[in-house]
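A.B. asks: Listed below are the residues making up each chain.
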Amino acid sequence: MAVISYREALNQAMREEMERDENVFIMGEEVGHYNGAYKVTQGLLQRFSERRVIDAPIAEMGFAGIGIGAAMVGLRPIIEFMTFNFSLVAIDQIVNNAAKIYQMSGGQYHIPIVFRGPGGPAVQVGSQHSQSLESYYAHVPGLKVVMPSTAADAKGLLKSAIRDDNPVVFIEGETLYNTTWEVPDVAPGSPSELIPIGKADVKRTGKDITLIAWSKMVWTCLDASKVLAEQGIECEVVDPRTLRPLDVETLATSVKKTGRCVIVEVGWPVAGFGAEVAYQMQKHCMDVLDAPIERVTSDDVPMPYAKNLELEVQPQVADVVAAVKRALYME
Amino acid sequence: MKYGRAVATASKRVEHDDHHEYVDTTPEELAPLYRQMLAIRRMEEASAKAYSQGKIGGFLHLIIGQEAVCVGATAALKPEDYVVATYREHGHAYAKGVGARPIMAELYGKKTGCVKGLGGSMHIFDKATNFLGGYGIVGGHVPIAAGAAFASKYRGDKRVALCFFGEGASTIGGFAEGLALAALWKIPVVLICENNQYSMGTPVYRSLAVEDVSLRAIGHGMARDRFDGDDVVKVKRRIAEAVDRARTTNEPTLVEVVTYRFRGHSMSDPGLYRTKEEVEEWKQRDPLGRCRQRLLDIGFPQADLDAMEADVKAEIEDAVKFAEDSPPADDYKSYVIKE
Ligand SMILES: Cc1ncc(C[n+]2csc(CCOP(=O)(O)OP(=O)(O)O)c2C)c(N)n1
Numbered sequence: 016m017a018v019i020s021y022r023e024a025l026n027q028a029m030r031e032e033m034e035r036d037e038n039v040f041i042m043g044e045e046v047g048h049y050n051g052a053y054k055v056t057q058g059l060l061q062r063f064s065e066r067r068v069i070d071a072p073i074a075e076m077g078f079a080g081i082g083i084g085a086a087m088v089g090l091r092p093i094i095e096f097m098t099f100n101f102s103l104v105a106i107d108q109i110v111n112n113a114a115k116i117y118q119m120s121g122g123q124y125h126i127p128i129v130f131r132g133p134g135g136p137a138v139q140v141g142s143q144h145s146q147s148l149e150s151y152y153a154h155v156p157g158l159k160v161v162m163p164s165t166a167a168d169a170k171g172l173l174k175s176a177i178r179d180d181n182p183v184v185f186i187e188g189e190t191l192y193n194t195t196w197e198v199p200d201v202a203p204g205s206p207s208e209l210i211p212i213g214k215a216d217v218k219r220t221g222k223d224i225t226l227i228a229w230s231k232m233v234w235t236c237l238d239a240s241k242v243l244a245e246q247g248i249e250c251e252v253v254d255p256r257t258l259r260p261l262d263v264e265t266l267a268t269s270v271k272k273t274g275r276c277v278i279v280e281v282g283w284p285v286a287g288f289g290a291e292v293a294y295q296m297q298k299h300c301m302d303v304l305d306a307p308i309e310r311v312t313s314d315d316v317p318m319p320y321a322k323n324l325e326l327e328v329q330p331q332v333a334d335v336v337a338a339v340k341r342a343l344y345m346e
Numbered sequence: 279m280k281y282g283r284a285v286a287t288a289s290k291r292v293e294h295d296d297h298h299e300y301v302d303t304t305p306e307e308l309a310p311l312y313r314q315m316l317a318i319r320r321m322e323e324a325s326a327k328a329y330s331q332g333k334i335g336g337f338l339h340l341i342i343g344q345e346a347v348c349v350g351a352t353a354a355l356k357p358e359d360y361v362v363a364t365y366r367e368h369g370h371a372y373a374k375g376v377g378a379r380p381i382m383a384e385l386y387g388k389k390t391g392c393v394k395g396l397g398g399s400m401h402i403f404d405k406a407t408n409f410l411g412g413y414g415i416v417g418g419h420v421p422i423a424a425g426a427a428f429a430s431k432y433r434g435d436k437r438v439a440l441c442f443f444g445e446g447a448s449t450i451g452g453f454a455e456g457l458a459l460a461a462l463w464k465i466p467v468v469l470i471c472e473n474n475q476y477s478m479g480t481p482v483y484r485s486l487a488v489e490d491v492s493l494r495a496i497g498h499g500m501a502r503d504r505f506d507g508d509d510v511v512k513v514k515r516r517i518a519e520a521v522d523r524a525r526t527t528n529e530p531t532l533v534e535v536v537t538y539r540f541r542g543h544s545m546s547d548p549g550l551y552r553t554k555e556e557v558e559e560w561k562q563r564d565p566l567g568r569c570r571q572r573l574l575d576i577g578f579p580q581a582d583l584d585a586m587e588a589d590v591k592a593e594i595e596d597a598v599k600f601a602e603d604s605p606p607a608d609d610y611k612s613y614v615i616k617e
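Going line by line, the protein sequences match chains G and F.
The working numbering numbers the first residue of the first sequence as 16 and each following residue consecutively.
The working numbering numbers the first residue of the second sequence as 279 and each following residue consecutively.
By construction, these hints were calculated from the structure, which means they are not laboratory data.
A few of these clues could be false.
Result set (EDC-like, lysine to aspartate or glutamate): computed pairs, CA atoms no more than 16 Å apart in a straight line [unchecked claim]: (1) F:Lys-616 to G:Asp-315; (2) G:Lys-322 to F:Asp-608; (3) F:Lys-431 to F:Glu-358; (4) F:Lys-512 to F:Asp-302; (5) G:Lys-54 to F:Asp-547; (6) F:Lys-611 to G:Asp-314; (7) F:Lys-356 to F:Asp-435; (8) G:Lys-322 to F:Glu-602; (9) G:Lys-214 to G:Glu-264; (10) G:Lys-214 to G:Asp-262; (11) F:Lys-389 to F:Asp-404; (12) G:Lys-322 to F:Asp-609; (13) F:Lys-512 to F:Glu-358; (14) F:Lys-611 to G:Glu-327; (15) F:Lys-611 to G:Asp-315; (16) G:Lys-272 to G:Asp-305.
Assemble the whole structure, with the sequences as input and the hints as a guide.
C.D. replies: Written out as structure tokens, the structure reads:
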């Protein structure tokens, strides 16, 4: 097992898939000569040349659309958004074209494309650059939405996304790039190098309560679990890893075991993806639930700039701890 | 409608479209422009320092090297005119009349900042001076500027809007659509492309098929202009022509000003995509140095210049102290929905 960073894991996934399949190429702003705004594509231009690592000007709708057109006729584009905030100017291409062409064409054309880049809150960059948009994309049939929390998941899931025959929205945690995790040493080509899309992962086992979280919030939940363990409360942390399709079975199995559930997301509360998870859990676990399902989200405001306010807005360990205690009727 | 000032060029430098030097300036005209440019530079330097001390967070985009553009252009405006800018907008805000104190306090994320610590470096707004904001999504603000100018025409109040953006914005839909609508509806907006040669790490020749953004006006039958941005008087006079056109005829203009940023795209950019020699070459054309020399050449007394420079230093030091001493931001709930 090698311990590598989330950034390096993504880089390896793209590099290996590009070695494997000549049809895979990368397009986006500053992905080549600059080695990526967040250095995720470091060294790829050098290895694969400008034919396959393509610096695009600031034209997200244009290059997202070019990716979709190329995918229709057989290429496998990886479209990088410098951050997912900028995917909003391309969302028409993603929702109206990428997600629909397969059905609109009666199954004649499918769209094997990955839209990837960092998303979720960053640090002190204000409301336009710091937001979680996964719920927008998870709403859309025809898309898959993947949000890895660890380096190992990032690598295995990105490889699966690149090989998937559908449009995959792959949102990386903007503050996770430097985090490290053990990544199994598997030779490229062996089946275990892939982590299937649509499969949740239990990140910590525990008997008292289930915490469901994805991306950065998995880390917050693991930290909260440590605090709670000291107080004798054992949390199970389940990471769906993929929001669409959602692995309801794995999540429900955990909730049935613990009888209690807190869903933690860094996005906004209203119509946030956690609301869908809560619906699924009450539907599948009604008989065993010992308490109402709790949700922890960011405050219902655009992200403020000031450091102190920014922290107040986002779910912190203390917020998760408090929600767990509510679900355990300890407060 | 006037065309033909710009020339298409495949080189990195502007082919001087006209060599007019605007020699008729006076100390009365030039001194305040120099003072503003200097204050902006000192403010930017102070914010870079505070950033390296961890007192300012997030992204910080400095305009050092480009000061003549925002100062010259806003000097052509009346106070009731509007300005809309990007995330690289501290200088534009200052030039429009926003004080160094509220700007610096905003960068520090303080309650006394111009948007109460909610926006930070990229989102300065100030209603009192008609500064309609700094925006973070490239190109998204171009239609906003056209919208403010549309309202002016609608009400007949003869206000003009200036919109600033980089050449990197000229490939995105927000720019293309804003331009098309401004031309179609004869909206009194002046679209100012600050072509600083780089969009982050991408030089113009890798982002534009034709390295002349002003040519985009032609297909829309829109007036256009293109010139170097080192001489603040030139910027002022040429933007004034476009502003007058907007004010008197509602005709929009697309203006490209060729300039250069001396620092990285933001504080985290080491600028490895260009040579030291190139940066040094452009520093020879520093709009501040040039303006200062010219002031002396036309008879502005050295003693007055010294006094002015000391005054600017004190102003910025005061702004930093104000920011440091201000209370932290404390309210993020109030301005989501207007009751
Ligand atoms: C739609 C969108 N895409 C990408 C970005 C990231 N980004 C911020 S500034 C920038 C470069 C802009 O260059 P230019 O327009 O020339 O202006 P400059 O920064 O040089 O002033 C990029 C790519 C963004 N903010 N918005």
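A.B. asks: Against each hint, give a clear statement of whether it holds in the structure.
C.D. replies: Verification of the supplied hints:
1. F:Lys-616 to G:Asp-315: Holds, at roughly 14 Å.
2. G:Lys-322 to F:Asp-608: Between G:Lys-322 and F:Asp-608 the Cα gap is close to 11 Å, so the pair holds against 16 Å.
3. F:Lys-431 to F:Glu-358: 14 Å, holds
4. F:Lys-512 to F:Asp-302: 11 Å, holds
5. G:Lys-54 to F:Asp-547: 12 Å, holds
6. F:Lys-611 to G:Asp-314: Satisfied, since the Cα-Cα distance of roughly 9 Å is no more than 16 Å.
7. F:Lys-356 to F:Asp-435: 12 Å, holds
8. G:Lys-322 to F:Glu-602: Answer holds: G:Lys-322 to F:Glu-602 is near 15 Å, not above 16 Å.
9. G:Lys-214 to G:Glu-264: Roughly 9 Å separates the two Cα atoms, so the pair holds.
10. G:Lys-214 to G:Asp-262: Between G:Lys-214 and G:Asp-262 the Cα gap is close to 5 Å, so the pair holds against 16 Å.
11. F:Lys-389 to F:Asp-404: Holds. F:Lys-389 to F:Asp-404 sits at ~15 Å (cutoff 16 Å).
12. G:Lys-322 to F:Asp-609: 12 Å, holds
13. F:Lys-512 to F:Glu-358: 23 Å, violated
14. F:Lys-611 to G:Glu-327: 11 Å, holds
15. F:Lys-611 to G:Asp-315: Judged against 16 Å, a Cα distance of about 9 Å means the pair holds.
16. G:Lys-272 to G:Asp-305: Distance ~11 Å between G:Lys-272 and G:Asp-305 Cα, so the pair holds.
Consistency with the previously given hints fails for number 13 only.
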